[in-house]
Amino acid sequence: MTEAPPGELFDKLVSLAKRRGFVFPSSEIYGGAGATWDFGPLGVELKNNVKRAWWRSMVQLRDDIVGLDAAILMHPKVWEASGHVENFTDPLVECASCNHRYRLDELPKGVEGPCPNCGERKLGAPRKFNLMFKTFVGPVEDDASIAWLRPETAQGIFVNFDNVQQSMRKRLPFGIAQVGKSFRNEITPGNFIFRSREFEQMEMQYFVRPEDAPRIYEEWKETRRQWYRDLAEHDELFRFREHSPEERAHYAAQAFDIEFRYPFGWKELEGIHNRTDFDLKRHSEYSGKKLEYFDDATNERFVPYVIETAVGADRATFAFLCAAYDEEPDKEGVRVVLRLHRDLAPYKVAILPLSKKPELSELSRSVWATVRPHFQSTYDETQAIGRRYRRQDEIGTPLCVTVDFDSLTDQAVTIRDRDDMSQVRVKIEELVPALREKLGA
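Residue numbers for the sequence shown follow this note's numbering, beginning at -1 and rising by one.
The reader is advised that the hints may include incorrect statements.
With a cut-off of at most 27 Å between alpha-carbon atoms, the simulated DSSO-like pairs for lysine-lysine come out as follows [to be verified]:
#, residue 1, residue 2
1, K279, K132
2, K287, K75
3, K329, K16
4, K126, K75
By construction, these hints were calculated from the structure, which means they are not laboratory data.
Make the full structure from the sequences, and use the hints.
Listed below in structure tokens is the structure:
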């Protein structure tokens, strides 16, 4: 990541994200929809690649974790059992002068200090504000039809523990992974896509014998930390932070965050928690259904402990963007490069004809047709070749394939590398294997 001043870097990233089609403000033509975001053509590719890399690491490459896609709308008792109806709150403070609202922890001097917006000392007493979105199921809006938009995906895993364990015949330890939308009615969302009201989570709940939980917890800390090392340069931008006893959830025996140094400071990226047996016991109590594990080898029945890893796909996407952003001087001024890992880059290959002349365009599109089934790719023939290289550098495309006039006779093209700008010429018939080798695919 470039060492630009934090505020300047943040503005550059937000500008690039909109200008190049990564992230747009939702409903922008109507003035926006308040901390909700639309992922554009490149943003959806990048975020899908982040989710795909997580799923590959957590599910595809392991034999002890399976996937799930639980419904967003669940029985309202799920959220009573989990404690969200009663406890999923932030202390809200409102200024009587300007009506601006704050979370209590955003006020350095508490309610005794001035309002950060208007300067008046008219801050009211804190009151609890539930962060869940309430809705109603069916045509009648009454207490019997109340439903909640889920604030996390984890509860869908817990209520399906028995279904998954029985249908997949899983033995402890095993995990259930899920990627899905969550919703939180944040009092003061902000910092671009870091904190928004609608977001995606990548969560995994790993069920273990209680006596094995401390050891397996440490293993998962290292496993998740290594995932970021594998996908992002600048390892110094990531760190562990242990929760203090005061901030740790009452059900958690252990809690660490993996934090990332965003342009606005060190913030939580991923939570890793030992949730004990709290969740399964609560859902057993509220539902009347025993959520136990039977070990036929020892003839034991017990409620497993849960090791949780939970990361926001949006936050992770933003972190990878921040870590990848780089600037370096060149003859035209400054070259902006997104040094995204090749597994994460929205486009892996760009096909660039040297000229718009029909015979070159025809060959170039033929080359693109050859490449397209194998790699997410793009075609660009607008402006000078140098500007097109810079444009692909700025969106993180690892490889550019240039089709020039010699290609018409020698049936060869030039592959240019984003990171070291090296160039190598290969035959068109050998292009796909050459690209695959360079991409490590």
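Going down the list of hints, with the structure as the test:
Taken as a hint, the K279 and K132 pair is honoured in the structure, with Cα atoms around 25 Å apart against an allowance of 27 Å. Restraint check for K287 and K75: satisfied, since their Cα atoms lie roughly 13 Å apart, inside the 27 Å limit. A hinted pair counts as satisfied when its Cα atoms are at most 27 Å apart, and K329 with K16 qualifies at roughly 26 Å. Distance hint between K126 and K75 is fulfilled; the C-alpha atoms sit about 21 Å from each other, no more than 27 Å.
In summary, this structure violates none of the numbered hints.
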